[in-house]
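Participant: So the chains spell out like this:
4 protein chains.
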Amino acid sequence: MVLILKNNPEVKKVDELLEKIAEMGLKTQVVGGASHTIVGLIGDTSHLIPEDFLHYEIVDTVQRISESYKAANRKMHPDDTIIDIGGRKIGGGTFSVIAGPCSVESEEQMKEVATDVKASGASLLRGGAFKPRTSPYAFQGLHGEGIRLLLEAKKATGLPIVTEIMDINTLDLFADVDVIQVGARNMQNFELLKALGHSDKPIFLKRGLANTIDELLMSAEYIMSGGNNNIVLCERGIRTFETKTRNTLDISAVPILKKLTHLPVFIDPSHAAGISWMVEPLSKAAIAIGADGLMIEVHNNPKKALCDGAQSLNPEQFDTLMKDIRRRVEFEGKTLA
Amino acid sequence: MVLILKNNPEVKKVDELLEKIAEMGLKTQVVGGASHTIVGLIGDTSHLIPEDFLHYEIVDTVQRISESYKAANRKMHPDDTIIDIGGRKIGGGTFSVIAGPCSVESEEQMKEVATDVKASGASLLRGGAFKPRTSPYAFQGLHGEGIRLLLEAKKATGLPIVTEIMDINTLDLFADVDVIQVGARNMQNFELLKALGHSDKPIFLKRGLANTIDELLMSAEYIMSGGNNNIVLCERGIRTFETKTRNTLDISAVPILKKLTHLPVFIDPSHAAGISWMVEPLSKAAIAIGADGLMIEVHNNPKKALCDGAQSLNPEQFDTLMKDIRRRVEFEGKTLA
Amino acid sequence: MVLILKNNPEVKKVDELLEKIAEMGLKTQVVGGASHTIVGLIGDTSHLIPEDFLHYEIVDTVQRISESYKAANRKMHPDDTIIDIGGRKIGGGTFSVIAGPCSVESEEQMKEVATDVKASGASLLRGGAFKPRTSPYAFQGLHGEGIRLLLEAKKATGLPIVTEIMDINTLDLFADVDVIQVGARNMQNFELLKALGHSDKPIFLKRGLANTIDELLMSAEYIMSGGNNNIVLCERGIRTFETKTRNTLDISAVPILKKLTHLPVFIDPSHAAGISWMVEPLSKAAIAIGADGLMIEVHNNPKKALCDGAQSLNPEQFDTLMKDIRRRVEFEGKTLA
Amino acid sequence: MVLILKNNPEVKKVDELLEKIAEMGLKTQVVGGASHTIVGLIGDTSHLIPEDFLHYEIVDTVQRISESYKAANRKMHPDDTIIDIGGRKIGGGTFSVIAGPCSVESEEQMKEVATDVKASGASLLRGGAFKPRTSPYAFQGLHGEGIRLLLEAKKATGLPIVTEIMDINTLDLFADVDVIQVGARNMQNFELLKALGHSDKPIFLKRGLANTIDELLMSAEYIMSGGNNNIVLCERGIRTFETKTRNTLDISAVPILKKLTHLPVFIDPSHAAGISWMVEPLSKAAIAIGADGLMIEVHNNPKKALCDGAQSLNPEQFDTLMKDIRRRVEFEGKTLA
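Chains A, B, C and D, in that order, give the protein sequences. Numbering of the first sequence is given in our numbering, commencing with residue 1 and proceeding in unit increments. Numbering of the second sequence is given in our numbering, commencing with residue 338 and proceeding in unit increments. Numbering of the third sequence is given in our numbering, commencing with residue 675 and proceeding in unit increments. Numbering of the fourth sequence is given in our numbering, commencing with residue 1012 and proceeding in unit increments.
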């Protein structure tokens, strides 16, 4: 960490600052510039908050120079993390497609969709049993019954299942779930992240609508600091001024995350755009830029969907898309899981 | 709700659409324009999701025309909600200042700060026992012990206390707390909101960093739909491209919220700016524009604060500010609580 | 255009509103809903500003339902616009790469870069003679001399040239330039756009940092309404809260623009990311998602570049990238220009 | 400027970097940290672009530590700039209100509005003769005739006039205008700024929709570097994700600008909110937070306004507002101009 001091600081106040830093167990080195003096902090600063130094009136700006995430940092773990889910791999040279409806609605729906997406080549089945909805008056999911229906669909098709958790008190219901999803709105629900750090299940962690890439990595770090290293990161669009799409897909997050961390990185084109015809072009971009997989909403009757129908593909559209995805994944020298 | 259809839609498909709407128990009226046909939905549409109609290929855009919040809506409840906290009022013609440290650190600290802010005229005491921190390696709060220290400070000074909840499983610890805060990162933690709807404690609900005013009102609606109508809304800055301030205080949110809802509206100038000297000018603007109160961070030794020291005032600065606040509140014809 | 009225409007005021609209030469149709009344405007509303109706106190919201751009609208012109630049085509099934330095610095530099990028397969040469710089103290370009050096490089290599205009008074200097660029900061310099509408040169129009897709199309419309239909649109990143990249590339803009307009759409990965290693992954995504071309910064000595060295490739990096681009363009069934 | 190097850089490459910096005429000081090495640059770095150093592969991040604006910097000029406009002062302890219609429409309109706003206490008259409009099909202003009508209104009332320039070629028409406005969309039209640097007229410079405070100051610096120091800065809302207001007024910009620069700072509440009833609360906040003035749209018949009627006050509303403004300005210990 580097502290940049204001012009001509009082010597007494500089000494006071250096003393406090010494009390924290850190060493310092001081450089004098034409207009500013700089103090470099030497030692482990990962637990310090840069802004806290601004309370010293002689400090002008503070710059962190080493990342505050460790377990998630590729510098500490150069090789790609590969996650094994019942024999199916995520990450490395594998490309995976997670598909299924926004929310679990009925036994018939889940069996139909699961059979269809499996036939088209999806490697995992998704479906929401607990649904975060902006309005308390909107459908909130089938809860435990929804998970039961997902497990039946798994039994029928063999597809591992991914479903979202919203409350740590429901964790017992996820005992037979293969991958637990943390949604965008809970990306900084730190108590939930800590609890999942003690789980042995892979976690599918979505970036929040207004969270930076660094914050996404710090949320992964929360889970990893508890001992659970099986995390998949997912970019699903950020909130900007543009209104033609529901969110703005930050496609640049893929190469940046692949550089900063060893964790697999997915794209969710359905939520990013919020409209079904955009799923295809965004999927193509995601494959080309190096994502490790896609999460795509598929519904057997999108017009009747109880949530997010506008962004769901029907099984025929998904099947056509998967044929193209396979061709593109092979072009990139990867294997479709 | 209004559906705007694409150019020259097939009559058969329009009929199909009208039939589905009728199945939902709604009436329709159809208007033909030069370039578009418009379908008006008549009836209660508060549980519908506008985007879901986009899956009908003949639908071009959908516009909601009645608000989806009811309990929080000023149209349903024209008078200001006034909340009583141990005899102290929030809202109506009263202006309240909640003050105290970012986090509870020690008995000595809390007693000192509580005594100081009371003497300066604060009407409630704040202090974090559970701290949402971006990094798992940063100080996370004293938890139950922190609440105990807050209650001791309350006993010593008589100031009601406000403190943040992060996990519904800790609700028992809040039995003697006067106001429960929901932080910006948990504004859409819907399970937490639902649980608090069954509590009888006033809730201090902060706007999320990237949440719209409508979403803030819908989160209030979550709590109110459970039966708890004692909610204070708080604007604390939104995330934008500007970097000179930690967040951008959306001061316009105050008059807009006062128009749309009957709930009291506060400003948190400490978190909005992220730097202590900005607290004073932002507080002045908040009073002038009609806010019902302020939440201000005060620390007896900001340089030693374990979190957010950069934005805390020391007790002397707070005392000076309160003198000015009193003068301004009176100028606005309100009473300082 | 649709006006949605407030609850229970006074009949007298509705009549007054309908009369004013009739005075504008438009017809109206009125629909009564459960909670609102809706007025549909029938006729040409392209010159109306929706917000202006908000001054009628009975009007709650206004929704435009037909696009306000006409010449740029794909509905009016379903086929792709293909632009011919000295025999080289832009748009349709062709993929083009425009390459060259951020700014023209010397004769030697331009000749070297032009020869190199031509050898690697670029189809147009770029170089800035007039440079928009945030600081008045930074290098501002060689102006007329810069254009002369570009023309020499064109003579030597045969590559058509693209260069930016900042002031309409310099238009004479662009007499032999092949494509005139309008930079992001001038996207809404309407006087410049109008003047270029009377030019017969193709215009390369970059999206502004905080401009919506609709605004970009309206700026194209400014040029087209003057009679110049040869416009290439370029997405180069928008301003968001994320700081890991200089701007956030809005990759979704490509499919949306391709749907809304018949004009060719390019991506500028160099300015979007602001860092050279990101040019490759963003280029891959741009090709896959259906862009018609790329604008890439190449400098023979990026470390010595007088501007934007950080985002420039050197000729070897560009050559490697072009080999991959060729392979990908062919995979998409297009032809590299 | 400070360069932070990557872990364990090669000694040869560090030497190469230090040599290049020496060639630029700058001295360096090197500090070794636990995980990084830091290079401090000593000397005048105001013309350097921090990102350019990122092309050295051993450089990780670059931090500027002295501001790149000089003439506009309060450090260089601690006293407030006070601008004299025909005997009326702007800045210092004076508070000024600029009022008038969005666009000049007719002689009758201008005389009526000018007489009204003068009677209510406005100190300058505004009116647009050249209008930046998103659509080429919308009313673009009366141009020279508009300026003539403004000058007639000035003759009739004695109010100095403020009007916007969009094209430097029209500068002659502004010979008798008192203050030239540069609109938000032209804030980075650098050629226009340079030309106005050679003018002797005060410039009213509006912040762009997506421009940072630093960029606003750099645009002022462009004008000042040409010799014209009479600049008024104006915050008029920035573009964010919130849609309840047309833009988000960044009220924090006032205290920050007052700290960083000696130039007067105004607020434009009409454009910030885009809706007339918001002008009053935002004006109150602006006065309280320390702005030097307001620019307010007033139209004698807002429903008939050819542009931006939705945000205009009528003369009665403006008169009521001015009574309150006077009371508040006096409360702040300032004088209404």
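Hints were generated in silico from the structure; no laboratory data involved. Errors might be hidden in some of the hints.
Mimicking EDC-like on lysine to aspartate or glutamate, the simulated pairs with C-alpha atoms at most 20 Å apart in a straight line are [what the hints assert, rightly or not]:
#1 B:K641 / A:D44
#2 C:K680 / B:D381
#3 D:K1017 / D:E1078
#4 D:K1345 / B:E617
Participant: Quick check: which numbered hints come out false for this structure?
Facilitator: 3
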